Every structure is written in C-alpha cells, then in structure tokens.
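Participant: Following the hints, put chain B in place on chain A, whose structure we already have.
Chain order of the listed sequences is A and B.
Heads up: the first sequence runs through residues 0 to 87, numbered per numbering that gives the first Met the number 0.
Heads up: the second sequence runs through residues 0 to 751, numbered per numbering that gives the first Met the number 0.
Rather than coming from a laboratory, the hints here were simulated on the basis of the structure.
Quantities reported herein were computed from a predicted structural model and do not represent experimental measurements.
Take the hints with a grain of salt, since some may be wrong.
A few chain A residues that face chain B, going by a derived Cβ cut-off under 8 Å, partial list only [claimed, not checked]:
{"hint": "1", "residue": "V7"}
{"hint": "2", "residue": "M8"}
{"hint": "3", "residue": "E12"}
{"hint": "4", "residue": "P16"}
{"hint": "5", "residue": "V70"}
{"hint": "6", "residue": "I71"}
C-beta atoms are modelled at their ideal positions from N, C-alpha and C, and glycine is treated no differently.
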Amino acid sequence: MARVVVDVMLKPEILDPQGQAVQRALPRLGFQGISDVRQGKRFELEVDGPVDDTVLARIHELAESFLANTVIEDFAVKVEEVKAEAGK
Amino acid sequence: MSRTPLDTVEHAAATPDVELPWAELGLKKDEYERVVEILGRRPTGAELAMYSVMWSEHCSYKSSKVHLRQFGEKAPQSDALLVGIGENAGVVDVGQGYAVTFKVESHNHPSYVEPYQGAATGVGGIVRDIIAMGARPVAVVDPLRFGAADHPDTKRVLPGVVAGIGGYGNCLGLPNIGGEVVFDACYQGNPLVNAGAIGVMRHEDIHLAKASGAGNKVILYGARTGGDGIGGASILASETFDDAKPSKRPAVQVGDPFQEKLLIECTLEAFKEKLVVGIQDLGAAGLSCATSELASNGSGGMRVTLDDVPLRDSTLSPEEILMSESQERMCAVVEPEKVDRFLEICDKWDVIATVIGEVTDGDRLEIYWHGGKIVDVDPRTVAHDGPVYERPYARPSWQDALQADDANKLPRPAGSDELKDQVLKLVASPNQASKSWITSQYDHFVQGNTVLAQPEDSGMIRIDEASGLGVAIATDGNGRYAKLDPYTGAQLALAEAYRNVATTGAKPLAVSDCLNFGSPEDPAVMWQFAEAIRGLADACQQLGTPVTGGNVSLYNQTGEAAIHPTPVVAVLGVIDDVARRTPVAFQEEGQLLYLLGDTREEFGGSAWSQVVHDHLGGLPPQVDLERERLLAEILISASRDGMIDSAHDLSDGGLIQAVVESALLGGKGARLIVPDGLDAFTFLLSESAGRAVVAVPRSEELRFNDMCGARGLPATRIGVVDGDVVEVQGEFALTLAELREAHEGTIPAILA
Chain A
0 MARVVVDVML
10 KPEILDPQGQ
20 AVQRALPRLG
30 FQGISDVRQG
40 KRFELEVDGP
50 VDDTVLARIH
60 ELAESFLANT
70 VIEDFAVKVE
80 EVKAEAGK
Chain B
0 MSRTPLDTVE
10 HAAATPDVEL
20 PWAELGLKKD
30 EYERVVEILG
40 RRPTGAELAM
50 YSVMWSEHCS
60 YKSSKVHLRQ
70 FGEKAPQSDA
80 LLVGIGENAG
90 VVDVGQGYAV
100 TFKVESHNHP
110 SYVEPYQGAA
120 TGVGGIVRDI
130 IAMGARPVAV
140 VDPLRFGAAD
150 HPDTKRVLPG
160 VVAGIGGYGN
170 CLGLPNIGGE
180 VVFDACYQGN
190 PLVNAGAIGV
200 MRHEDIHLAK
210 ASGAGNKVIL
220 YGARTGGDGI
230 GGASILASET
240 FDDAKPSKRP
250 AVQVGDPFQE
260 KLLIECTLEA
270 FKEKLVVGIQ
280 DLGAAGLSCA
290 TSELASNGSG
300 GMRVTLDDVP
310 LRDSTLSPEE
320 ILMSESQERM
330 CAVVEPEKVD
340 RFLEICDKWD
350 VIATVIGEVT
360 DGDRLEIYWH
370 GGKIVDVDPR
380 TVAHDGPVYE
390 RPYARPSWQD
400 ALQADDANKL
410 PRPAGSDELK
420 DQVLKLVASP
430 NQASKSWITS
440 QYDHFVQGNT
450 VLAQPEDSGM
460 IRIDEASGLG
470 VAIATDGNGR
480 YAKLDPYTGA
490 QLALAEAYRN
500 VATTGAKPLA
510 VSDCLNFGSP
520 EDPAVMWQFA
530 EAIRGLADAC
540 QQLGTPVTGG
550 NVSLYNQTGE
560 AAIHPTPVVA
570 VLGVIDDVAR
580 RTPVAFQEEG
590 QLLYLLGDTR
600 EEFGGSAWSQ
610 VVHDHLGGLP
620 PQVDLERERL
630 LAEILISASR
640 DGMIDSAHDL
650 SDGGLIQAVV
660 ESALLGGKGA
670 RLIVPDGLDA
680 FTFLLSESAG
690 RAVVAVPRSE
700 ELRFNDMCGA
710 RGLPATRIGV
720 VDGDVVEVQG
730 EFALTLAELR
740 EAHEGTIPAI
750 LA
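The shape of chain A in the complex, shown without the other chains:
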C-alpha cells in the first residue's frame, strides 16, 4: 500500500476569498504577523499495489481532469512513504 498525495492550490494570481477571510480573522484572534493566507485542498489517495510510473501517470491524469480545475488551480502530485506498521 502506498499513499499518493495531490495538493491543489489556486494559482497564485487568482483571488482567494477563503484565504483572505482566514487572514482577516487572525489578528482578531490574537495571531499577529501573518501577511497572507492562501487555502488549498489536499487529497490523499491510497493506492493498491506499487506506485510506478504508470500509476503516477494515471493519478496525474485524474488530478488534472477531476481533482483540480486547471483553469484556476495548480496541483502537485507526490508519493508519501507509508511507515510499515509494527508487528507485521
């Protein structure tokens, strides 16, 4: 089992109302010194079997066509090591 993570972020030049709302709330809650906040989405995909180039290519394709709206969003795909569980 392996985990592939897809991070989806609005492109830097696109307005992010949610991020702005978070940023505006911070000083009210006593958190100073944060000049900008941008909010994105993180998808964790549990993959059956080994993650090879073919699988990554498919994930790239699904991210591009379904998880991200590439007109306004960028995405990044990365493989995450899943630690072997003790006792197995």
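Facilitator: Just chain B, lined up with the frame of chain A:
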C-alpha cells in the same frame, strides 16, 4: 533591479518613435493613429491601455452604436421613465414614490472558459450596476442558452454556470425569480449566460455616474486590485518594462459574494447619509472605465494617484492596474468634508476604502504613478468618442432558402396515436421539459418578498408590504424565430416577455435587452443585428415600453458558425397589489378554460418542428402588437377584478405545452375540446403569438365573456379543469402521472 524609464507623458513626447503593441491590445491601425492624433503625440503605455480597453467592442459599442440609436430615436413617450439609456441602468417610476431599476447583461465568454466563476461574476457585475443607481438589489434573473442538452460539454458548462449563479446570488441573499434555459446546438461553443437584476429605491435616491465639483475626492472602495482579467495588458507591461514579474495574468476573475454583500450595505448606508455626489461600479475595463466615465460625465477633470490603489499583487504595473477587472470594487465621488464619514462607514463594513484622487476644475484626466504623470487625456475621448463603425451588412444569401423551407409542409401526425406520441415527446424534450432541477438550485424566496418565481410566466416581487405594490419581470428570446426572420424574431421576443408580464397581472412598463449575436465583421450577422434592433425599436415604440438600457454581446461564434441571433428581452411591469397576481397552476376543478387570441397554422421555428423533425425553416409566427396590447389589457383587468384564477401565455410548444404545465403545477387535469374550424394538431401545437389560456370560475364566465366581447378579443371556450388526466376529446388522454414522468424526468436524467 533595473527598470526602463517610466513611460510618462514627457517621456512619450520625447520618444515619438517607440513602437507600442497596439495590435496585441486589440486596436486597429487606424484606431491607434486616431489616438495619436487626439493626443498630438504617441500615447504612453498607460494611455494606450486605457484607450484599448475603452475602445474595445465590449465597452465602446463601436459596431452597434449606429443601430442602437434607434432605441432613443423611436423611444415612446413614457411618464414612467426616470432615467434612460446611458447610465449604469435605467430607472422606472412604479408609483407610490418608488422607483425600480433593472438591467440585463451578458457574461458569455467568461462563463465558457470557467463556468462557475464566469456566471458568478456575471451576477456580481449586474448587481453592482443596480447599486450604482442608488437602489437596493431585490432580485436576479438568469436567461441561459446552452449547446445540445446531451452534448458532453454541456455537462461541463451547465452545472458550473448554474452553481455559480446560485452560489453568488444565494450568498448575497437575493432571490432568483426568473429567466430561461434553452438548449440548441448553435450555442455549443458559445453558451449565453445573461444576468439580470432588479433594484428598488425611493425617487429621491437616484444616483448618477458623474464627477462634479472641483476638490471633491475620488474614493476607490471594495476589494483590492489584482491582476484579474488583464491578459492583454501584460503584453504591454512586458514590452514596456522589465520582465521580472509573473508572465501570465489570469483572464479568469474570481468573485467574492460576501465582499459584494458588504459593498451593497456600505454603499446604501453612504447614500442614506447623502455622502455621495457621483458613483460608478468597476466592471469591464476597471479603473480605466470608472475614472474616464465619471470624469467625462461630470463638469470638470480628474487627477488620480495610482500609487494609492490598494493592491493584492504588488508587482502590478500601472497599465495593469488601470485595466484590471478585479471584482467587487466601486468608485465614489465625495465632497471633502464628507470623506471622513464615508471612510468610517466603509471601515464599519470592513470594506477597504482609499482616496485615490480628486475632481479638478480643468477638463483633463491626469493619472500619476511614482511621481510621474502617465496619463493626460481628455476623458471624453476615452469614454465617449471611441470609433464608430458603419459595418457593412447584407441579407444573407441563404435567408430566402431558409424561409422557403416551410415548416407548415412538414409531415403531420397521421392519427390520434401519433399525435399523442408527439405531444408526449414534445413535453419531454429538453427545451420544453421542466427546468426545476436547475432552478431549484437557486434560492427563490430569500427576503420573503417573492410572489412568483420559476416556472411562472414572470417573476414577481413585492416592494411595499403595506400596499402590496409589486413588480414583475420576464425575459424571453427565441433564437430560432430570430434566425428565420430577425426583425420579427426580436418583436416576438418582446411580445412574449410583455405577454408574460401581463399574464401574471402586471402592467408592462419598460424594457431592457441583451443582444447576443455573432461577429459584426460578417455582413450577414450585421444584417441580423440591424434587423433585430429595428424590429425591437419599432415594437417598443408601438407598445409604449421604452428601452431603458441593456447590453450587446458580439463575436458569439465558433469559426464561421455564428449562434442564432438571440435578442433576449426583459420586460418590467408593475402590479398595484400582488395579492391579485395570476399564477400558472390550475386552481380549482370545474373552472372553464378559455383560449384568448387567434390560432393560425404557424409552425416555422416551432418546438414541434425541432423535436419531431429536427427542422428549422419557414417563417416565424406573425406579430400583431395591437393584439398583444389588447390581450395584455384583458389579462390585467381580469386579474384585478378577479375574473380569472390562472393564466398561462402560449409560446413555444403551443397550447398543449401550456395546458400540461398548468395541469402539472396545479395537480389537476383538463378536458379539452378542439374548437370548430381548427384541426387538433394546429389547435394543440401551433405557436401563433398573442395568445393565452385562462381558467375562469363559472360565476365569472358571463362577465369575462362580456369583457372580451366588448373589447373585441377572441375568447374561445376550449374545455374545463377536471380530474387527473389531460384529455383531448376524440383524440387522446394522458394521465398526469405519465405527463409528469415525461416532463420532469428529462433534465435530471441528462444532468444529474
């Protein structure tokens, strides 16, 4: 980081030979030469940015202006018109001291690129037009056109558009009360996303877009300015300045409805305290448009310091700031002693507000950046004296063949069974089917003043709780009719919207239009455009309903193929007491059904010809505007005097479509008898204009008949509200269950 010298006015004068990327910004060579002639030197980069966006088709109406003049020249005398064409939106007197402003605009192209945000910002833009007049927005409507319902791209575009309209409108707390959804393959690459809004104010609260009074401050308030919607300007920026900036600027604007809601409340509070001399919303062409229009409509000039504009992205160049189409921004002109109070109100609503300049007593618009003067122009040359084209137009060579391909000669159903099948197929076809899957995603009733919403003939809003005064709005535009004959098609669009308003019991007062056409550089399209405007202006004159404003959307085409000419017409009406409104749904069994108007064999452009034969040819139904006016008067009188309990206008799909809708909405069937002199097919499916079907309580029959007789309106008794079957005597019967399955199942099956 080394920068090339700032392109100031002096710099431009000293370097006449510098080549500017005017072509990339969409200017033609002669247009650029005209700019040079106006200025007496080459423009600076910033000036070029302003001229290029303000002289674009979208902002300058350069191809349409010569034709649009007819709306003014042929404008009927109307006491109701308080503010006409040329302002952010027209304003109409609806009585009791109330004024209503309304307008329809297009956001077609952005909605194709990014359906959700395109449609959402379309709603945002039209709502700001309403606020800019001084009115509180009370409702929105959305006339939509998509490609074939079962085309894969429709499944991409439609859900996004619908979610965007719903999302933005719902967040603002505005009910969505009307509009249409039409499918046709001609809109495949060019969906039409038109958005309309209505606002209400007291007469004394009307505000105009002008900057007067030297020394008055220009305040930009709302969202920070980012690089939204300025693809073109970055070319200019990279040509003129160094390249140390993001290479791509987004053409997609993202809306923030909560910011807009703050903008509404903040603006209305400032109006209430009479702090505002002039106001303009920032839409297409952003600050370029707001500054040049405010200045040119006022008495003086204007000086602006661009460094003071709050930015979301500090790398923006002055050209980009001037062209940015960042959403949720407005520009107000405020007297100096009232500035503090204005800023206080903005602060209260968490709206960023900045004084960016002031009105001067000169006649120049001057803009400064980093201490240098980068714009020095006569604002009128930017805002009003753009190029005007008399584009060649010619009746297309195929028009005769299209009109000769007579739909009345198509094979008709051979017997009752086939007629029944075709009726069932018709009411289930995407265009005739129930759109509730779509419209139920919008909030219809927020604010608690909605009287009627889809699928009623017109949306209706109560504007005074005590008196019950209300306004109604309907939008219509049949591209198939307009393709067959643009002059008549445009008149039919008006006639239908007018009729729809009257059917609900409201008196039609005024018109706004959104004219969606192909490329004006194609003489055939230009002919369609010219004919449609001529038709619409003539019809408005005859019906006494002036055009108060609207919008033109050209270049809706993919390659050589233009969309059907689609003039979408919105009619606004007033009703003294909304309790007297007439709904579509059948109310009580036993009530008598009357068909008002004349039925002829008219199948050109009809839903039947499309659904059964996939055919478009012949002539659209005839228009008789005097008949429309008479029908409207009867419908309004009957509503006011309680003579009818339900009414439905007849349009695409003909009588049977209207009866099925009334039956399904009321949960009551109908027994129909084919009147003498008509065959069942024509009776049920012809699309003759100027007709409605009404349900008359038996106790009112005599009075209703007398009224129609005295006024000379044909009224034919065609049946009775009864049972749970729609039966056409001697032909067929369809149960409500069957009809409901057919009528309500189609859209969810395709889109859900």
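Participant: Now look at each hint and say whether the structure bears it out.
Facilitator: Here is what the structure says about each hint:
no.	hint	result
1	V7	15 Å, violated
2	M8	13 Å, violated
3	E12	5 Å, holds
4	P16	4 Å, holds
5	V70	5 Å, holds
6	I71	5 Å, holds
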